[in-house]
Amino acid sequence: MKLIDRHNFISVVCVSFTLVVCGKLFLEKISGFTDRFYTENIFTCLLVCILATFIISLHYYLQNLPFIAVMIGQYILLIGIIFGGIFVLGQVSDIAPTAYKDMFVSVTVPYVLGAALYYISFFWQIKKANEIFSKL
Amino acid sequence: MKLIKTKEEYITENYLELHYDTIDEETVGVLDRLRSALKYIEGTMDGKKQTVPLADIFYFETVDRKTFGYTRDCCIEISMTLQTIIDEYTDSGFVRISKSSIVNLYKIKKLQGDLNMRTLIYLKNDECLVMNRGYRKEFYEALNKLQGKRGK
Numbered sequence: 001m002k003l004i005d006r007h008n009f010i011s012v013v014c015v016s017f018t019l020v021v022c023g024k025l026f027l028e029k030i031s032g033f034t035d036r037f038y039t040e041n042i043f044t045c046l047l048v049c050i051l052a053t054f055i056i057s058l059h060y061y062l063q064n065l066p067f068i069a070v071m072i073g074q075y076i077l078l079i080g081i082i083f084g085g086i087f088v089l090g091q092v093s094d095i096a097p098t099a100y101k102d103m104f105v106s107v108t109v110p111y112v113l114g115a116a117l118y119y120i121s122f123f124w125q126i127k128k129a130n131e132i133f134s135k136l
Numbered sequence: 137m138k139l140i141k142t143k144e145e146y147i148t149e150n151y152l153e154l155h156y157d158t159i160d161e162e163t164v165g166v167l168d169r170l171r172s173a174l175k176y177i178e179g180t181m182d183g184k185k186q187t188v189p190l191a192d193i194f195y196f197e198t199v200d201r202k203t204f205g206y207t208r209d210c211c212i213e214i215s216m217t218l219q220t221i222i223d224e225y226t227d228s229g230f231v232r233i234s235k236s237s238i239v240n241l242y243k244i245k246k247l248q249g250d251l252n253m254r255t256l257i258y259l260k261n262d263e264c265l266v267m268n269r270g271y272r273k274e275f276y277e278a279l280n281k282l283q284g285k286r287g288k
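Chains A and B are the protein sequences, given in the same order. Sequential numbering from 1 applies to the first sequence in my numbering. Sequential numbering from 137 applies to the second sequence in my numbering.
Everything labelled a hint here was simulated from the structure, so no lab data went into it. The beta carbon of each residue, even a glycine, is placed where N, CA and C say it ideally should be. There are no misleading hints in this set.
Among the chain A residues that face chain B by a calculated CB cut under 10 Å, a handful are:
#	residue
1	A69
2	M71
3	A129
4	K135
5	L136
One-sided excerpt, in silico: chain B residues whose CB lies under 10 Å from chain A:
#	residue
6	G229
7	K235
8	L241
9	Y242
10	K246
11	G249
12	M253
13	L279
14	N280
With these hints in hand, go ahead and build the complete structure from the sequences.
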């Protein structure tokens, strides 16, 4: 079953974009940081959300491959496209000296958290199912 | 509705008999559950026709476009596709776990996960089947439905 398909693609992008932007604003508020490139960064968040949703939606077609390989492959593809985008952007305009590091952190942290949650929910489901089977 | 159990020695097969004047809702419910539990499936083994209680089947598998049903001690070839089996016997506890196999939830001993997020299904006859990630949702939905039924 496809978790992300063409019918819910835009809504998944919208929800993840909202969560990312709310997280960004929350972190800025508690750390007292002022974003000088606010508009650019908001559009970057949107692009990353679209890209990440697209790459994760490919997961359905890769179900016969080992999960770890798929997870790492999707991460490398995502971070590769983002770094490529930063490189191209760097050719036509000024970018922050920490652009690569910032994007690496911004992509890696939610990706690792998401993967960890996915893993935990997988083993939790198995534990719950075994409790049911012991009573059957 | 009363349940009366009577021990009869030397009968060849256990049987249930229903005595009724009118069939009420409670009886209909019991009959529905019994019907799904007492289904039989026809197939061939060594060229001979065989009838096996559906409840004895551990899992169905398709090999070379042929469908086989496996019990504790035999394997019968069935002239049904996996999709037909799922359509007809989902209520009896059968659920798809991969493109080529269907398992009987009542025959599962335990599940085990591996690092690649494949779920290993250990059956009560100590066989092990592998569930693909794509069928996880369907599997857990069927399990929850079954648990809900038993809770009623």
